[in-house]
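*Asks:* Letter by letter, the chains look like this.
There are 2 protein chains.
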Amino acid sequence: MEGTPANEQMAPPRRAPIQQRSRERVERMLAAASALIAEQGSDAMRMGEVAERAGVSIGSLYQFFPDKRAIIWALAERYTAESQACISAELKGVSDAAGLRRAFSELVDIYYGLFLAEPVMRDIWSGTQADKALRQLELADSRANAEFLVAVLKRLRPGADPVALETTAFLVWQMGEAAVRLAISVERQEGYRLVAAYKRMALRELLAE
Amino acid sequence: MEGTPANEQMAPPRRAPIQQRSRERVERMLAAASALIAEQGSDAMRMGEVAERAGVSIGSLYQFFPDKRAIIWALAERYTAESQACISAELKGVSDAAGLRRAFSELVDIYYGLFLAEPVMRDIWSGTQADKALRQLELADSRANAEFLVAVLKRLRPGADPVALETTAFLVWQMGEAAVRLAISVERQEGYRLVAAYKRMALRELLAE
DNA sequence: AGCAAATGTGAGGATTATTCATATTTTTAC
DNA sequence: GTAAAAATATGAATAATCCTCACATTTGCT
Chain B
168 MEGTPANEQM APPRRAPIQQ RSRERVERML AAASALIAEQ GSDAMRMGEV AERAGVSIGS
228 LYQFFPDKRA IIWALAERYT AESQACISAE LKGVSDAAGL RRAFSELVDI YYGLFLAEPV
288 MRDIWSGTQA DKALRQLELA DSRANAEFLV AVLKRLRPGA DPVALETTAF LVWQMGEAAV
348 RLAISVERQE GYRLVAAYKR MALRELLAE
Chain Y
168 MEGTPANEQM APPRRAPIQQ RSRERVERML AAASALIAEQ GSDAMRMGEV AERAGVSIGS
228 LYQFFPDKRA IIWALAERYT AESQACISAE LKGVSDAAGL RRAFSELVDI YYGLFLAEPV
288 MRDIWSGTQA DKALRQLELA DSRANAEFLV AVLKRLRPGA DPVALETTAF LVWQMGEAAV
348 RLAISVERQE GYRLVAAYKR MALRELLAE
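Same order as they appear, the protein sequences are chains B and Y.
According to this note's numbering, the residues represented by the first sequence are 168 to 376, in order.
According to this note's numbering, the residues represented by the second sequence are 168 to 376, in order.
Just so you know, not all the hints are guaranteed correct.
If several chains are the same, the list does not tell them apart, and a pair holds so long as it fits within one copy or across any two.
[Unchecked claim] Pairs of lysine to any residue, SDA-like flavour, derived with a Cα cap of 20 Å: (1) LYS366 to THR334; (2) LYS299 to VAL287; (3) LYS299 to GLU344; (4) LYS299 to ALA256; (5) LYS299 to GLU206; (6) LYS299 to VAL353; (7) LYS299 to LEU203; (8) LYS366 to GLN187; (9) LYS366 to LEU332; (10) LYS299 to ILE351; (11) LYS235 to ALA211.
None of these hints come from the bench; they were simulated from the model.
Here the structure is a predicted model, which means the values were calculated and not measured.
The task is simple: from the sequences and hints, build the whole structure.
*Replies:* Right, here's the structure in full:
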């Protein structure tokens, strides 16, 4: 599934690596792409350079990735899968307001920290909107994460309208992504303030009514 | 100034149109670009096509715009200037909570409506993050707009910490842009709910404490 | 061994942003 | 009014890249 965004308007699909050999080579390709993105950004990443650094031919690259975007998509998918697991774990046991406060604050900090520490993630997700497939992945990810939040909210406010909870959770989550992206693109000091303000704002909404 | 983002890492600057003749031609270039973006998106917009549709040579295009991004930037700048005037007018006289509620709600509706109605704006601002210069323009715009909000907040809450107000206003504004972009990329029905939820969330924050 | 499927290769096709030497028009200087 | 200077116009040619494809090699299987 990796490297093949299930999406309309995509390039012709490629074969998935079956043999051990090709699986290892695909790993090298992704590693090379990751390194290049970290160094120069995904826009400046050249397919020829990825192939060279991975020690494979340009043809091999295209054997497994239909086009340049697919490589970036594959990297993005790994990040989302990883963070989704983390989010699920953090929110799993929460069942009261204090617990939500703690877990939510923790999550935002982790997410913010990830963006600060991972240039690749920063690059990929700041260019999100330009790419239909990536945008789709982000929305799906956000919805999935919002679900965990909805589960918590249902425990906290059993009487509330489920649709309203969905909406709130989804919105809060997307606002969080936007807030973190904003925070990393301003001075560190101001970034902290913005993230803190977001936490207050989000928790006020989540715990209100 | 148009067509020349004041920014690092930009292409060599071009001459500004001085004579009547060239000013009209530049207008035609921008109109052609706008039409093409509306039809196919800025990514699919071809420089040659812009020139052809504007009835000028490809060389003339590059006489006034250093590169493709500069054309998009020039269009974006017009939108921001226009909406900034609108925002300023709407918030100018607000001096109580009820007034803020009304004006803010109005502004969000206008902004949401603009995005729904203007394919060019939608295209440009959904690709924002990918382009450094555009991102810069967006942040500057957001800060400017937040200032109007800060002015109102200072009237409403004279005792509050100015820095906190700045932070809140800036964050709320950016969240608004994110919320509207989110709203237009989901089903209409859900979009409405999300925008409404954003309004509640933002106003709760703006009027709190 | 021998066949089929999977994988590997890199020169070359195709597209497109951008440049530049040159021609034309407008403004300015006298 | 005229000549020099500045502004503007042009499009063939350049350059940079993504991606394809026809053919070579390796692996898995019987």
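*Asks:* Of the numbered hints stated earlier in the document, which are not met by this structure?
*Replies:* Violated hints (numbers, rising): 4 and 8; every other hint is consistent with the structure.
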